[in-house]
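Number of protein chains: 4
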Amino acid sequence: MSANSFGRVFSVTTFGESHGSGLGVIVDGVPPGVLISVADIQRELDRRKPGVSDVSSPRKEPDRVEILSGMFGERTTGTPLALLIRNKDTRSGDYESIRDLYRPGHADYTYDAKFGIRDWRGGGRASGRETAARVAAGAVAKKVLQNEGIEVRGYTLEIAGISVGKVDYGQIEKNPVRSPDKESAREMEEEIKRALKEGDSVGGIVQVTVTGCPPGLGEPVFDKLDALLAHAVMSIGGVKGVEIGGGFESARMRGSLYNDPFYNDGGRIRTSTNNCGGICGGISTGEEIVLRAAVHPTPSISLPQDTVTRDGKKAQIKISGRHDPCIVPRVVPVVEAMVAITMVDCVLLQRRIRD
Amino acid sequence: MSANSFGRVFSVTTFGESHGSGLGVIVDGVPPGVLISVADIQRELDRRKPGVSDVSSPRKEPDRVEILSGMFGERTTGTPLALLIRNKDTRSGDYESIRDLYRPGHADYTYDAKFGIRDWRGGGRASGRETAARVAAGAVAKKVLQNEGIEVRGYTLEIAGISVGKVDYGQIEKNPVRSPDKESAREMEEEIKRALKEGDSVGGIVQVTVTGCPPGLGEPVFDKLDALLAHAVMSIGGVKGVEIGGGFESARMRGSLYNDPFYNDGGRIRTSTNNCGGICGGISTGEEIVLRAAVHPTPSISLPQDTVTRDGKKAQIKISGRHDPCIVPRVVPVVEAMVAITMVDCVLLQRRIRD
Amino acid sequence: MSANSFGRVFSVTTFGESHGSGLGVIVDGVPPGVLISVADIQRELDRRKPGVSDVSSPRKEPDRVEILSGMFGERTTGTPLALLIRNKDTRSGDYESIRDLYRPGHADYTYDAKFGIRDWRGGGRASGRETAARVAAGAVAKKVLQNEGIEVRGYTLEIAGISVGKVDYGQIEKNPVRSPDKESAREMEEEIKRALKEGDSVGGIVQVTVTGCPPGLGEPVFDKLDALLAHAVMSIGGVKGVEIGGGFESARMRGSLYNDPFYNDGGRIRTSTNNCGGICGGISTGEEIVLRAAVHPTPSISLPQDTVTRDGKKAQIKISGRHDPCIVPRVVPVVEAMVAITMVDCVLLQRRIRD
Amino acid sequence: MSANSFGRVFSVTTFGESHGSGLGVIVDGVPPGVLISVADIQRELDRRKPGVSDVSSPRKEPDRVEILSGMFGERTTGTPLALLIRNKDTRSGDYESIRDLYRPGHADYTYDAKFGIRDWRGGGRASGRETAARVAAGAVAKKVLQNEGIEVRGYTLEIAGISVGKVDYGQIEKNPVRSPDKESAREMEEEIKRALKEGDSVGGIVQVTVTGCPPGLGEPVFDKLDALLAHAVMSIGGVKGVEIGGGFESARMRGSLYNDPFYNDGGRIRTSTNNCGGICGGISTGEEIVLRAAVHPTPSISLPQDTVTRDGKKAQIKISGRHDPCIVPRVVPVVEAMVAITMVDCVLLQRRIRD
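Protein sequence lines correspond, in order, to chains Z, Y, C and R.
Residue numbers for the first sequence follow the working numbering, beginning at 1 and rising by one.
Residue numbers for the second sequence follow the working numbering, beginning at 1 and rising by one.
Residue numbers for the third sequence follow the working numbering, beginning at 1 and rising by one.
Residue numbers for the fourth sequence follow the working numbering, beginning at 1 and rising by one.
Don't read these hints as lab results, they were simulated from the structure.
Errors might be hidden in some of the hints.
Identical chains share a label here; the pair holds if one copy fits it or two copies do between them.
As the list claims (entries may be wrong) - Calculated pairs, EDC-like style, for lysine to aspartate or glutamate (alpha carbon to alpha carbon, straight line, at most 20 Å):
1) K60 x D89
2) K166 x E190
3) K313 x D265
4) K143 x D46
5) K314 x D265
6) K166 x E183
7) K182 x D168
8) K60 x D265
9) K174 x E191
10) K193 x D168
11) K88 x E66
12) K182 x E288
Please model the entire structure based on the sequences and the hints provided.
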């Protein structure tokens, strides 16, 4: 019942700190016989890693993954996969000056309050770098889903208040902000650079969809599919809100508009609208699952901020180090990973129900 | 690892259907020696029960609770409390006409897709009536929290797009919509009645706050306090979005505005703003926890809707029976209950960390 | 993660005390569509209930079970079954005299040490009466197993050092000690009566077998089938040892004798001996699973015993009340129940593994 | 809910195969501030590692451990410790000849039946080598227990039917069989060598005690301390039986003899005998906890054995490779590790119960 574990029959357990030896994850419950390669995992890690554009942190981490166990030749055996990513570019010295200061918006104070001890080097376990392990596990999950015909895809829906216009999935990986819309991508990029120049940071919204999902996934009553997804996605650092389908907007609809009418689509029961975002009564309808996550602006900014020292003395802090002025583009693969992990769990769990 | 269970060291397991014998819950992990009475639980159930106003369902359920176990005299013993609520006013006949129809917005189709069998009487396990068990368990949780000086309070923040103006906690239980603002309460009530008259329904937003919470609750990395709360609240039927503190609005802020500066408040470290909603890095800061849940409009409406039969034939449906034109006011105590349950779990779990 | 729960995808959560309102269990993860009747459950409860022979407690408990949820007509729906058994024949007055005394061999002292409070009426939650809920849940498990062609059967292997000779399954329910051997049954009965007359009690060994189990059940490495069975059975009050197959005797064998050779039995791979008791490397081999549990003598005896009061004063105790001079025959259905619950869990969990 | 995880608030999750990259474990729930060094862990691993005596496998594995995370300086931070042990001396070629044969007594067949795929190199995940990760985690557990004044110690009680005479804890690590009795140690060693010479193997019994344990640990009803210990220890490969205190022998005692009388030992309530093995009603009494585990003879023997190939053809097998003629001495630290892990879990869980 580790708090560093997620999932019931497909479960991931992560470890590692920003400036320790490395990060990793044990992925248990992978069905036997799944073809997985280091390249499959590396591809996803490369989407998350820093230092690849001028709107992300300049820290240079190759994030090379090693598969330590669970494979026999190219296939999984049903035993746990352990994935290890060594840290390479740690400059703990950058953090010496703030070891006794609580950075606003960071977990420095709350970790101290919880544990009475804190690894101040790069945020330790609370660093966003922790999500590399999630992405590695998510890559495994995506391979399992692929065998089921299920696909998880994400993109940036909004940055600094700038929304996506038209959605072209082919654009997403072609711009540094992961916008599916070339136009808005440019505006978002500019806005991020402006914030950076002003010593500030911005936030945004990530959208992830799941296609090919059969009806019937998710469990009443506490493990509803949307509840599990909310847990999964809200556990990502920086996420302050999660919504499914119509989400907060559905609170302003009338029932006659919100309800998704059923129809028979050549023998398959479908709904003609999808306000419920593919999940009704906590169980998948078979339509596209639509989820959005609100990401707050990066807390590390170079503008001066009021704070206190560990012993409560008033202080000011200006954060140097290497940081992302907007974390949203790098959060996209992390949300995808958490959604994929959740979906595999539900797929495998549903298999227990048969005539 | 029951999907009808929630919580780690304080855990609740529920059962029951809308038109079966009754509903109930086993509450395990209650600390020994807590004073609890039937009245404590009944008070909360009375806040959720139907038939108390003309904006709620006319079904007459007294929702009388019986404590079956876990008490010795007036105190808990540390063994599981079992709470039972018998159903009294079931009219399954109301549902005969729709037993082969899938009601839009309801879990009829998805339960069938999942289980291949469905209790069509009043929605069975998928009925909102299931939440009575949550409220009963939440009442126990509130008693435990009371001993810790922690208070969980909720209200209606918005109904049918009508927002609360000023917040007066004294008003909440004085109006049928649980608005903390007399003025907006009247408007909300009118809007609900208008929708009902038009055979329609409306949704809204519930806000819950937790005061008196110490810093340090919640667990990195997957069991962050906000992740657990999101899981807990998103598992309530009808909830399509959950946000903490600034929530989706924080995605549009700059870091310099969003970050909550620390200051020393007479020896206690506090933040001068609370955009993070009392949770930073997944761990409580000691400030007020603020959570909002979006509730979609009640799916049961009397306007005709397009649907299909179980065997896929096109059909129209008009839902009679007894329903709430707006479930939001009755969801308030349910969200409170789920938040309270989550908080107790985190409080007890934190006790394991000591020198 | 309730300590009053057992199982992963098929999980039972129990409640209730010896002299409270009653006992019960929520059984979750029951596959949908299983035919279950009150009679199916009652039959198993009747095998465990007291007052049916002169070697068991004279307490008269009909142990009538009510199914509160999870059924639609005669079939399960996939939602949790709640089963309730009301206490009828409670004479808490019997216990007044010992409310401040710790009974040797009972959990009186350890519960006090754990919880700081104790329900002294009939042992409260620590009473053997708690196992009624297990048997009720086990009856549900047996129905699920029946659909899989798996059968769980138990008997008394030894009482007061008297071992069973030949095994005739037809004899088991025909004698009050549940011996499969008429001869030894008579001796055992006499020995129990002798102990009772002398104010004393005796123990014994229960054996349970599982037939029809496919190979492949159980999970490496911590949830090996034998590990789960040991957990399940050792959690029954009074059990002090569990062994599988050759058990402790296998520690004295040589490998050449112990190892079970494989052979091809008409296309099915089998072993010609079964020293491993149907479980090899923690996973079922497809042969009969054989488990034995050692049950210590009933702690309630009328002979005087040395003890202390709650405040540590030296005292003597003579236990009156209504007790079993030998609990072994009534433990047989309890061990069967725990084995059946474990097997269903493993069967359902194995379904997640497919091509 | 990984089957490769064990524990509730102190939980370990392991990975790795005999002939893969290595083995490892994530230890979560370690309290913050505990002093732990690589040497602390290495010391325990050295007790388990092969190649150190002529009664153990000649495979040369240094079993060097690396701590990948969870430490800040010399102290734990409360975040997960990941421990990695690289495999060094793998000779998978040794296994080529048996890749299509099922070795009797090994998990070859059952893994194939379960997963449909099998890593035949050295037994893969089913190898006893898996226990290195347990021992590493157990070393962490022992450090936590040390801070609580709790000590876990084990020894060989019996090998090949030869029992220990007198118990001298100072002798245990001085002889290759881990007997606390010099005399029997010599006999055991001779008997092992005789079996080896004859191409055979032997088994035995391990005893582990826990001293300094406070009363009150363990949880009613399914997570009784003895049930958790039985689960923990029975999950070790080769263990076929577990007993507590009087164990199977208690089944032959009368209640008047078995019951442990209470007395007041200078203000502390104690029992004058300890037939219950320090656990009564599933909860620790404060007396020494006594547990025994039966270990079957090593399945790898060089004598010819009957078996079948993967496709069911009759065959004979003679196992070469490098094996232990008696695994018992190396199982001692493994049982200690599992007991220590279980005890920490119970200690931390008990902290949640306060006034």
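Within a copy, between copies, both or neither: which one fits K174 and E191 at a CA-CA cutoff of 20 Å? Intra 18 Å, inter 47 Å, cutoff 20 Å: intra-copy only.
Same-copy or cross-copy closeness of K314 to D265 [CA-CA at most 20 Å]: between (65 Å within a copy, 11 Å between copies)
Intra/inter-copy verdict for K166 and E183 if alpha-carbon distance must be at most 20 Å: This pair counts as within: shortest intra-copy Cα distance 9 Å, inter-copy 41 Å.
Treating 20 Å as the Cα threshold, decide for K60 and D89: within, between, both or neither. within (6 Å within a copy, 35 Å between copies)
Given identical chains, is K60 near D265, meaning Cα to Cα at most 20 Å, within a copy, between copies, both, or neither? neither (50 Å within a copy, 40 Å between copies)
Within a copy, between copies, both or neither: where do K166 and E190 come within 20 Å Cα-Cα? Classified as within: same-chain Cα gap 19 Å, cross-chain 39 Å, threshold 20 Å.
As a check of your reading, is K182 near E288 (CA-CA no more than 20 Å) within one copy, between copies, both or neither? Classified as neither; 24 Å inside a copy, 41 Å across copies.
Since the copies are identical, ignore which copy is meant and state whether K313 and D265 lie within 20 Å (CA to CA) inside a copy, between copies, both or neither. between (67 Å within a copy, 11 Å between copies)
With identical chains treated as interchangeable, where does the CA-CA distance between K182 and D168 reach 20 Å or less: within a copy, between copies, both, or neither? Within one copy only: 9 Å inside a chain, 47 Å across chains, cut-off 20 Å.
With identical chains, the pair K143 and D46 could be close in the same copy or across copies; at 20 Å between alpha carbons, which is it: within, between, both, or neither? within (16 Å within a copy, 39 Å between copies)
Cα distance capped at 20 Å. Does K193 pair with D168 within a copy, between copies, both, or neither? The answer is neither: 24 Å in one copy and 43 Å across copies each exceed 20 Å.
Can you give me the call for K88 and E66, within, between, both or neither, at a CA distance of at most 20 Å? both (14 Å within a copy, 17 Å between copies)
Of the hints listed earlier, those the structure fails to meet are numbers 8, 10 and 12, in rising order.
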